[in-house]
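Chemist: Quick mapping for you: the protein sequence lines, in order, are chains A and B. With the numbering used here applied, the first sequence covers 1 to 327. With the numbering used here applied, the second sequence covers 1 to 283.
Worth flagging that the hints you see were computed from the coordinates, not collected in a lab. Take these hints with a grain of salt, some might be off.
[Said to hold, decoys possible] In silico DMTMM-like links for lysine to aspartate or glutamate, alpha-carbon gap of 25 Å or less:
(1) Lys244(B) <-> Glu266(B)
(2) Lys72(B) <-> Asp137(A)
(3) Lys9(A) <-> Glu73(B)
(4) Lys16(A) <-> Asp94(B)
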Amino acid sequence: MVVAVSLIKREWFEHKTGFGWAPIGVLGMLVVITALALLFANSAGGVIQVSFDRDSAGNVTDEINLSLGEYDVVSGDEVLVFQALLSGLFDYTDWSDEELSASIDKARTSVALPFQLVYFLVAIFALLGSLHEDRRDRTVLFWKSMPVSDSETVLAKLVHIAWVAPMVTIVAILLAEIFLLLIVSVVGEGGIWKLWSNSGLVMELLELTFGYAIQGLWALPIYGWLLLVSAAVNRVPFVWAVLVPIVPAVLETVLFSSSILREGITNHLRFAALPSAASFSNSGFEPAVHVGGQLELLATLDLWIGVAIGTGFVAAAIVLRHRNNEI
Amino acid sequence: MSLIQASGLSKSYGDTQALNGFDLNVEPGRIVGLIGPNGSGKTTALKSILGLLRLDGGTLDVLGLNPYRQRKELMTRTAYIADVGILPRWMRVDHLLDFIEGVHASFNRSVAEAALEKTDINFSKKIHVLSKGMNVQLHLAIALAIDAEILVLDEPTLGLDILYRQRFYDSVLNDYYQEDRSILITTHEVREIEHILTDVVFIHRGKTCLALTMDELAEQFCKLTVGQESEPQIRKLAPIAERKTLQGTEFVFRGADRDALAHFGEIATPNLVDLFIAVIGEQ
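The following block holds chain B by itself, in its conformation from the complex (with noise of 0.2 Å):
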């Protein structure tokens, strides 16, 4: 059973058209990457997920519930960080813990307090003094203290260095990710995440373009990068995308035959910076 199932999502601000159709499907056990350019619908589709927006049309069921009606049920089996500064800055951090616990029958402190020992966070700070990176520790100790079916990651090192960027996502992985548990993570560092992911979906102007897991991906699209004299040539079998590069220029292709491609120059599997250059670019 999927447990998140998003299927013609829509929803307008005014003249904008946030989501325009957008689908997703999540299956338990799998870090799925929401990625699309600036103003693609990436965050409102994560609110629209989280229970925080009216939708104007599509249907949307989050662990077998309506997230906007039932907020409440639904935040008790997920758990959500979205970027460094949406903790309550005037909160000393154990007051925080209290306050979470009283809460929140999923939330187990000791969990968070045994995750927080091995950082430097005094418990008696108010949040407001702890550094960016602090934050995000702190953030993700409560996170994954809490025994969520999903966890939502909405661009959660934004402006971190690239230390503690490294370590969110080793604990992550390590302290959360298990079989029955899904993670659904936007970022604008791709590259950050791509080894962790085990699914893609691409949004681009509120509508899903392209929803795959990784070994799909690696089966459907391949990279060439051949010398310059191949070039008509290589232009003649449809390529998604084409990029001059250092080493010579690459074409992205969508279910060619590998082995015919391969005399003409080097195969590889795209990478999600080239995949996303070739799907956003070609529309």
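For reference, chain A alone in the conformation it holds in the complex (with noise of 0.2 Å):
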């Protein structure tokens, strides 16, 4: 247990920068840009309008209009409707907390978006990196001259990568709506209770821990893969991880006409890149996948074949730390 304690910390300070000062950073830019846009919203001198689509049954559609002042309206788009909570100028008085609930879950969605894209493409880069730089530096020297296993090394890299780094990111995502909701309680109107009440906090820290956690395993064939490559070639790791892939899948399409592989890809990755916005269906990006639809995910055969592949990466770049040393 210390080792293994002590093998994920030596990966903490090694992306140190990458997952935790990126989403700190993430954090920072979003609390800018909503300060110019409140500065905007101010001098635009308008009050943010918002209404609902409603279908024959009066039900709240997808679709949520805007209008900012004289200017004119936006529909549907939930990072309109984000930019719109940005402002901070909702006067939510008149909605039902069904109505409210709804624009916030689609809000939180696009606050987690920069939030979740940030964290996959730092994984993406420490998984390449993860075992090829220490053998491009020679460090690898000395990390085989301590009592540690290879399997015990790699496993330790994508435990970290999976599932520890994510934690801040995470973190980082409930304070950057904490911060929304506070500027939405002082500038809004509508009344504080009934907009804590409908915020969805801590459906979302279970939403984002459930996420990351399901995600490990939904993105196990990538980063197995991405492990595997990071051990096997001596030059440029990226392009390999991408060409490989690539070109079975185009001959695929070419010669059965079938594109099994390709949607396998870019399923996984859809998923990967954002656990709690993306939906892991075909159709494109849904509002957070909540946590009965994450557990459902589970039950999936489409995620135990890529948990089977990704496990047989996984091993292959343990036999490939074993045999490969310094460049």
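Each of the two chains sits in its own frame; use the hints to bring them together as a complex.
Modeler: Below you can see the structure in the form of structure tokens.
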């Protein structure tokens, strides 16, 4: 256990910038953008009007319409709702709890988006470098002079990136949302209790935690593949990691007119990149996959096929880590 | 019992035969210098002993273990220092010590810290801000704080100034060397380690071409320095090497009768450089 903790801590120190400071940087940028948006909205002199499209039964549909003072109405795009939320001039006095919570839900999805993308990008490059950089700078000779097996080394890197590093991202997302809710509490109208009781923050914490826990499994074929490439190649791991899957995917389409491989890859990439925002169906991004949906994912064959393939990749990475030393 | 027993090791990289019948036997309490020209297979030999590569052939037993298959077990009982560049540059000194303390059962942190107290190394600094000399001091402090039976040094003082090099070997001798431990060293600076070695192994083209203790060396080899006039006579006595110097011509003999040679000129025990040139040059 002490060994495991030491190995994970080592990984954390190596990637502190990417997994620790980057989400904090995104949070900082969000604060700055919010401040600018507030200034802009003030100078536009208007209050954002928000109305919902309803179907014939009176239920809220996906469409949300916005207007800012005399400016044009926009609708349907949650990113713009997020911007409206940023501007902090919501007047939600007349909204039902359901409408408010639906709106915040969409806004949360948008807030989480940049954090999750940054995490995913950092994870990709951390994985690609994980068994490659130390061979290039020859520190592999030092690491291998420690009584740590190659499987312990590789698994520590995987566990850190997939299940430990996202914790900072989760906290940063929650802080961003709390920050925005505080802004709305100050400048919005409609009652602070109503706002916070519909904020869904507790649910968000659960969704993100489950999201990343399951994402680690869902992304295992991707993560395992990146580890394998990192352990295998001596130069330009990124190019290998991208090109090697593309060629068979294209061949499959050309030769058999099918796209199982391509769909498998994009499907896994999508939810791996945005665990709390993207749907795992093929219908594109959908707002927050809720805890129930995330647990459903565990029951899909897709996930377990991916876990099996990913486990194979990780095992191959361990074998290559054993064999390959400095470049 | 030998700590390291290697016989007939072979390893090739593509067309290059890095090891080609390499033998080595290291007993406890020995300080063995592994000496050979560039590309002779020194580093490959050390790597195979450290479990860093899979051999093509031969038998290798280090502390009763198969190094390639049992590297983890081996490394609890072996310490290793390569040249200065292999400590992780991004890591802080104290975090590195934390890490080693966490993963290494035979590492005694207080020993390492006591050694580091004597240096100018600041524990909260990252390794990339340390000088080359400090890097080696740090690595040495770590290696010497590991209760190991074998210490492997692969060009450990490469690129260091003479002061650091001297201190390095002094520390190794004073703080590490004991009866039940052995040290295996490769270096280009043969002169610097000559006086600390108990054994010497010459490797050439991946093969052991000479392995003997320093005592055996003094018994078996001698160096005769003569003036020009007796050169033809000496050549008939089958010296293994001949070299012109300012003092005259030096001949190296193997297994020759010292007393018989003594009346031709000055007899001495060849140093490792003489012997290296004689033995490697002969081949």
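Chemist: Indicate, hint by hint, whether the structure satisfies it.
Modeler: Against the structure, the hints come out as follows:
1. Lys244(B) <-> Glu266(B): The hint holds at about 14 Å.
2. Lys72(B) <-> Asp137(A): holds (22 Å)
3. Lys9(A) <-> Glu73(B): holds (22 Å)
4. Lys16(A) <-> Asp94(B): Between Lys16(A) and Asp94(B) the Cα gap is close to 16 Å, so the pair holds against 25 Å.
This entry satisfies every hint, going by the numbered hints stated previously.
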